[in-house]
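Q: Protein sequences, first through last, are from chains S and U.
Numbering follows my numbering, with no gaps: position 82 of the first sequence is 82.
Numbering follows my numbering, with no gaps: position 77 of the second sequence is 77.
Since the hints were made in silico from the structure, they are not lab data.
Careful, some of the hints might be misleading.
Unchecked claim - Reference excerpt, derived from the structure (chain S facing chain U, CB under 10 Å, subset only):
id : residue
1  : Phe47
2  : Tyr49
3  : Leu57
Unchecked claim - If you anchor each label on the Cβ, the simulated ranges turn out as follows:
id : chain 1 : residue 1 : chain 2 : residue 2 : range
4  : U       : Arg69     : S       : Asn103    : 14 to 24 Å
5  : U       : Ile36     : S       : Gln153    : 36 to 46 Å
6  : S       : Glu24     : U       : Ile36     : 24 to 34 Å
By construction, the Cβ of each residue, glycine as well, lies at the ideal position given by its N, Cα and C atoms.
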Amino acid sequence: MVKYPGTNCEEETAFAVKQVAGLESSIVWHTELHWRLWDAIIIPGGFSYGDYGRAGLIASWTKSIDEIREAIDNGTPVLGICNGFQVLVEAGILPGALLANSNGSFIARWLWLRIRRPRGPWLSVATESQLVSMPIAHAEGRYYVNNLDEVRQGPWIEYLENPNGSIANLAGVSSHDGLVLGLMPHPERAAFPWQAPPGYTAGGRLIFESISQSLRNGW
Amino acid sequence: MPVYRVLMVVTNKEAARDPEGETLAHELRKQGYSYIVSLRAGKSYIVDIEAASAEKAILLVKELASRSRLYNPVVHDLRVLLLAENSRGKVSGD
Numbered sequence: 001m002v003k004y005p006g007t008n009c010e011e012e013t014a015f016a017v018k019q020v021a022g023l024e025s026s027i028v029w030h031t032e033l034h035w036r037l038w039d040a041i042i043i044p045g046g047f048s049y050g051d052y053g054r055a056g057l058i059a060s061w062t063k064s065i066d067e068i069r070e071a072i073d074n075g076t077p078v079l080g081i082c083n084g085f086q087v088l089v090e091a092g093i094l095p096g097a098l099l100a101n102s103n104g105s106f107i108a109r110w111l112w113l114r115i116r117r118p119r120g121p122w123l124s125v126a127t128e129s130q131l132v133s134m135p136i137a138h139a140e141g142r143y144y145v146n147n148l149d150e151v152r153q154g155p156w157i158e159y160l161e162n163p164n165g166s167i168a169n170l171a172g173v174s175s176h177d178g179l180v181l182g183l184m185p186h187p188e189r190a191a192f193p194w195q196a197p198p199g200y201t202a203g204g205r206l207i208f209e210s211i212s213q214s215l216r217n218g219w
Numbered sequence: 001m002p003v004y005r006v007l008m009v010v011t012n013k014e015a016a017r018d019p020e021g022e023t024l025a026h027e028l029r030k031q032g033y034s035y036i037v038s039l040r041a042g043k044s045y046i047v048d049i050e051a052a053s054a055e056k057a058i059l060l061v062k063e064l065a066s067r068s069r070l071y072n073p074v075v076h077d078l079r080v081l082l083l084a085e086n087s088r089g090k091v092s093g094d
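Same shape as in the complex, but just chain S (with noise of 0.2 Å):
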């Protein structure tokens, strides 16, 4: 778990990686995060660097942008959670951006979503169509690209009920192979039943199940 000032979201995080995955975890502060370390990165979410500017814009200019991206050149799985999908779109590394609601509001609420076309380390246990339920909490969630036949060229992960305006309700997009995953979701906090409120189930295994399995057997 790669830590910023104002990540706020990496405890529980770690956690669901140990007690899910049941892999180690470490939470490394940014200035520290050597890539060759690590299996798999995790950016948490929070409120990096106070959302300055934007959110994720000031983290997305720190070296530990350089390990990631050199992590991913050499095939290490990164996920962003949240904050950390704002960052990996800030540095470019996963495509469009990340726009206020369009309601205005922050949202904290529990929905469901769709896994299209999953593959990669972090999806490898899902099914096409998959429905699973998580949390969101987020202003700043309101995806936008271009191009979405580029973004469908990946595994994505799409909103059944849009709650932010995102275009083609899309919750977490992917680069091409799947080995770099981000979504607005926070699959940490539906990681147990006991998470998950009347209606919803803790989708969020699905993520800490397949990055087990993908690190343990390939994907």
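Position chain U relative to chain S; hints supplied.
A: What follows is chain U alone, placed relative to chain S:
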């Protein structure tokens, strides 16, 4: 009545700390933009205003900013600039 396009910028007063601007300036200097002396963050609004003259449009925006508290004189500086004017009422410019 003609329409004027007016830019309204609200920033913290010079005396009030601006953590967002200070952080951005600091991080940008670290990126090598060493020529940045200071940077202030704020909010800007582009308002199309019906008014008899450009001067009147600026006056109306200042009044709007103060009365509505989009600008709080206790802590903020307000800058109001004319962006475009068109006597036929059609807004142009940018």
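Q: Now tell me, hint by hint, if it's right for this structure.
A: Here is how each hint holds up against the structure:
A distance limit of 10 Å between C-beta atoms decides the matter here; for phenylalanine 47 of chain S the minimum to chain U is near 12 Å, and the interface restraint is violated. Because the smallest distance between the Cβ of tyrosine 49 of chain S and any Cβ of chain U comes to about 6 Å, under 10 Å, the interface hint for this residue holds. The interface hint given for leucine 57 of chain S is met, as the beta carbon of that residue sits about 8 Å from the closest beta carbon of chain U, less than 10 Å. Separated by about 23 Å at the C-beta atoms, arginine 69 of chain U and asparagine 103 of chain S satisfy the suggested range of 14 to 24 Å.
Between isoleucine 36 of chain U and glutamine 153 of chain S the beta carbon distance is about 39 Å. The supplied range of 36 to 46 Å therefore holds. A hinted range of 24 to 34 Å is violated for the C-beta pair glutamate 24 of chain S and isoleucine 36 of chain U, which are about 42 Å apart.
The structure does not agree with the numbered hints 1 and 6 stated previously, though it agrees with the rest.
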